[in-house]
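*Asks:* For the protein sequence lines, the chains are D and P, in the order given.
Residue 1439, in the working numbering, is where the first sequence stops; the numbers in between run on with no holes.
Residue 1695, in the working numbering, is where the second sequence stops; the numbers in between run on with no holes.
Honestly, the hints are just simulated from the structure, not real lab data.
For glycine and all other residues, C-beta sits at the position ideal for the given N, C-alpha and C.
Among the hints, erroneous ones may be present.
Straight-line alpha carbon distances no greater than 30 Å define the calculated DSS-like cross-link-like pairs of lysine-lysine that follow [as the list claims (entries may be wrong)]:
{"#": "1", "chain 1": "P", "residue 1": "K1659", "chain 2": "D", "residue 2": "K1325"}
{"#": "2", "chain 1": "D", "residue 1": "K1202", "chain 2": "P", "residue 2": "K1563"}
{"#": "3", "chain 1": "P", "residue 1": "K1451", "chain 2": "D", "residue 2": "K1351"}
{"#": "4", "chain 1": "D", "residue 1": "K1231", "chain 2": "P", "residue 2": "K1451"}
{"#": "5", "chain 1": "P", "residue 1": "K1451", "chain 2": "D", "residue 2": "K1309"}
{"#": "6", "chain 1": "P", "residue 1": "K1451", "chain 2": "D", "residue 2": "K1345"}
{"#": "7", "chain 1": "D", "residue 1": "K1345", "chain 2": "P", "residue 2": "K1659"}
{"#": "8", "chain 1": "D", "residue 1": "K1345", "chain 2": "P", "residue 2": "K1487"}
{"#": "9", "chain 1": "P", "residue 1": "K1448", "chain 2": "D", "residue 2": "K1231"}
{"#": "10", "chain 1": "D", "residue 1": "K1351", "chain 2": "P", "residue 2": "K1659"}
Label pairs and their in silico Cβ distance ranges [to be verified]:
{"#": "11", "chain 1": "D", "residue 1": "Y1407", "chain 2": "P", "residue 2": "R1673", "range": "41 to 49 Å"}
{"#": "12", "chain 1": "P", "residue 1": "K1640", "chain 2": "D", "residue 2": "V1374", "range": "42 to 50 Å"}
{"#": "13", "chain 1": "D", "residue 1": "M1188", "chain 2": "P", "residue 2": "A1515", "range": "53 to 61 Å"}
{"#": "14", "chain 1": "D", "residue 1": "E1264", "chain 2": "P", "residue 2": "L1452", "range": "30 to 38 Å"}
{"#": "15", "chain 1": "D", "residue 1": "E1223", "chain 2": "P", "residue 2": "Q1560", "range": "23 to 31 Å"}
{"#": "16", "chain 1": "D", "residue 1": "E1193", "chain 2": "P", "residue 2": "Q1560", "range": "44 to 52 Å"}
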Amino acid sequence: MKSHASREGAACVTALPGDDIGRRDEMIFTEEERVDRIWDKENGVQLVNRHSFYYTNDMRREELDDLWVKEPEHMATASLAYNNGYYVGMDEIARHYVADREETLYGRLEPYCQADPRIEKCRDNLGLGASQMHTSTTPLIYIADDGKTAQYQGYQIGYQSIGKADGSADSYFEFGLIYADLVKENGQWKIWHLVLEHDHTVEAGTLYEDVPVLRPDSEDPLAGDYGIPTKQQTVYNPFFGWEYVYQDMPRPYSTYTETRSYGPGGELGKPYYERDKR
Amino acid sequence: MTKEEKLSRWEDVREIKNLMGRMSADYVLKKEKQMPDRYWSKADDVSLGVNNGYFLGQDGIRKYYDGQDARICAESAMIQTAFPQELGSKSKEEVHGVGMIDYKPIDTAVIEVAQDRKTAKGIWMIRGSHSQILTCGPVAYWEWGYFAADFVYEEKEWKIWHLLYLSEIDHPCGQPFTKERLSFKGRAEFANADKIVLPEPDVPMQVRETYSAKRPFQRSPRLPQPYRTFTETFSYGYEGELRHEKPRFA
Chain D
1162 MKSHASREGA ACVTALPGDD IGRRDEMIFT EEERVDRIWD KENGVQLVNR HSFYYTNDMR
1222 REELDDLWVK EPEHMATASL AYNNGYYVGM DEIARHYVAD REETLYGRLE PYCQADPRIE
1282 KCRDNLGLGA SQMHTSTTPL IYIADDGKTA QYQGYQIGYQ SIGKADGSAD SYFEFGLIYA
1342 DLVKENGQWK IWHLVLEHDH TVEAGTLYED VPVLRPDSED PLAGDYGIPT KQQTVYNPFF
1402 GWEYVYQDMP RPYSTYTETR SYGPGGELGK PYYERDKR
Chain P
1446 MTKEEKLSRW EDVREIKNLM GRMSADYVLK KEKQMPDRYW SKADDVSLGV NNGYFLGQDG
1506 IRKYYDGQDA RICAESAMIQ TAFPQELGSK SKEEVHGVGM IDYKPIDTAV IEVAQDRKTA
1566 KGIWMIRGSH SQILTCGPVA YWEWGYFAAD FVYEEKEWKI WHLLYLSEID HPCGQPFTKE
1626 RLSFKGRAEF ANADKIVLPE PDVPMQVRET YSAKRPFQRS PRLPQPYRTF TETFSYGYEG
1686 ELRHEKPRFA
């Protein structure tokens, strides 16, 4: 049974070049489709939320196994991005997200072991003296009209505290945005492209007025987390980032296109004046 | 599943979010006294796990919230004393919660409703701030932590059955998380702050150690997974602790 025309996206912002908002007048979903799309939105948001918990818990291998794409063509094109570029393909993502991270954690454990020989340098002790939480909040999500993909944007507000053997720690509040392309595999949403944009860092206990107004990303105390991506390019420049957030917001769309994606073939991070030239 | 069943389950998720949203707002309004009746199940085996132990059963839940309310009343009285011109003529009801903040915005929700729709599970991250009166006066704290709950459908409403309310960071604002808490000069009108004693849990135990640079890494409580009926999943309640389900960590 056909239903009323969907109002999805009816309150959408002004169209940008490449948008296909005109099709809105023609979108008719059945009641079953509309119910499915309601659930798809809820489950898409909760998938990104699950990512935030795995990320917080440093369960990175488990995250890739449980939440990310499994189909070969998606695995080959999957990406994880930070401000400085994209890790492309699940092997590259795992190399950074799991292996590099483990190396970092072993490096942080070393001074503890040196200070106290009773502390073993082993996997069970990784994260000693550390704490972190990475929330995902204020979600914005659209499901493609064909129901096969979804685009997500949210804030990523959190903190990291990296302990030291002397009992002190470097503690930071961090602020940024999350973008994601989700794709359906066997009826379940999976993470295909994930972008963790880092906007700024504030040392806990530091007055905002004492934080540099223009701090190059390279001097941000958390920039080391980005590593060296497969495809190095500016995905997010904190100096000017908020100018192009508007361009990058998810908006109603018919079907997945690489250009509008949050993967390495997309326009994320391009200033508006470069996009207009396309 | 029929579309009606799917819609009903979606409404369940929405109602559970509303319940937690209302409870969060009640922390701002300092309505702890009303929380047992507003949000909690009438079941005998309700439980509340906080960092230093479990409050069990209806009496335990009331003891916890009554203790919080007594603290709010005592702090309100001290603020009233400190500001006689502004507050001196106000009644106890009028000054209840005056000058306090307790923002517990919750986000990053992961919610699963049982297939039988009799129970549900949810977990949230908390990133808030609250004030507490010490002998120096009000001090503001950053609060980062988790709510993890089992819900039960009871008298046509979702209610909290088991709740874990665990702080990861609960440290004064303006100080590094691991720094020794700064002590400020005492003020006579807040001298009674030291006399406020919160009730002990029915089962005192370390459910979660708050962060320090010497603490092993601690994960969040476990995430809900899809389940058919409650006996097939883990519990966030004290009985889960007794069954060694390791409900607390992912």
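*Asks:* Does 30 to 38 Å hold as the CB distance between D/E1264 and P/L1452, or does it fail?
*Replies:* violated, 48 Å
*Asks:* Regarding the pair P/K1659 and D/K1325, is the alpha-carbon distance no greater than 30 Å?
*Replies:* holds, 8 Å
*Asks:* So if I understand the rule, the pair passes when the alpha-carbon distance is 30 Å or less; does D/K1231 with P/K1451 pass?
*Replies:* holds, 26 Å
*Asks:* Given the hint that P/K1451 pairs with D/K1309, test it: the Cα-Cα distance must not exceed 30 Å.
*Replies:* holds, 19 Å
*Asks:* Please verify whether P/K1448 and D/K1231 have alpha carbons no more than 30 Å apart.
*Replies:* holds, 28 Å
*Asks:* Against the range 44 to 52 Å, how does the distance between the Cβ atoms of D/E1193 and P/Q1560 compare: consistent or not?
*Replies:* Given about 20 Å between the Cβ atoms, the range is violated.
*Asks:* Using the beta carbons of D/M1188 and P/A1515, state whether their distance is inside 53 to 61 Å or not.
*Replies:* holds, 57 Å
*Asks:* Within 30 Å, alpha carbon to alpha carbon, are D/K1345 and P/K1659?
*Replies:* Not OK: D/K1345 and P/K1659 at ~43 Å, beyond 30 Å, violated.
*Asks:* Please check whether P/K1640 and D/V1374 have a Cβ separation lying inside 42 to 50 Å.
*Replies:* holds, 46 Å
*Asks:* Take a quick look at whether D/K1202 and P/K1563 sit within 30 Å of each other, Cα to Cα.
*Replies:* holds, 24 Å
*Asks:* Given the hint that P/K1451 pairs with D/K1351, does the C-alpha gap stay at or below 30 Å?
*Replies:* Holds, because 20 Å separates the two Cα atoms, which is no more than 30 Å.
*Asks:* Holds or violated: are the alpha carbons of P/K1451 and D/K1345 at most 30 Å from each other?
*Replies:* holds, 18 Å
The earlier numbered hints that this structure contradicts are 7, 8, 10, 14 and 16.
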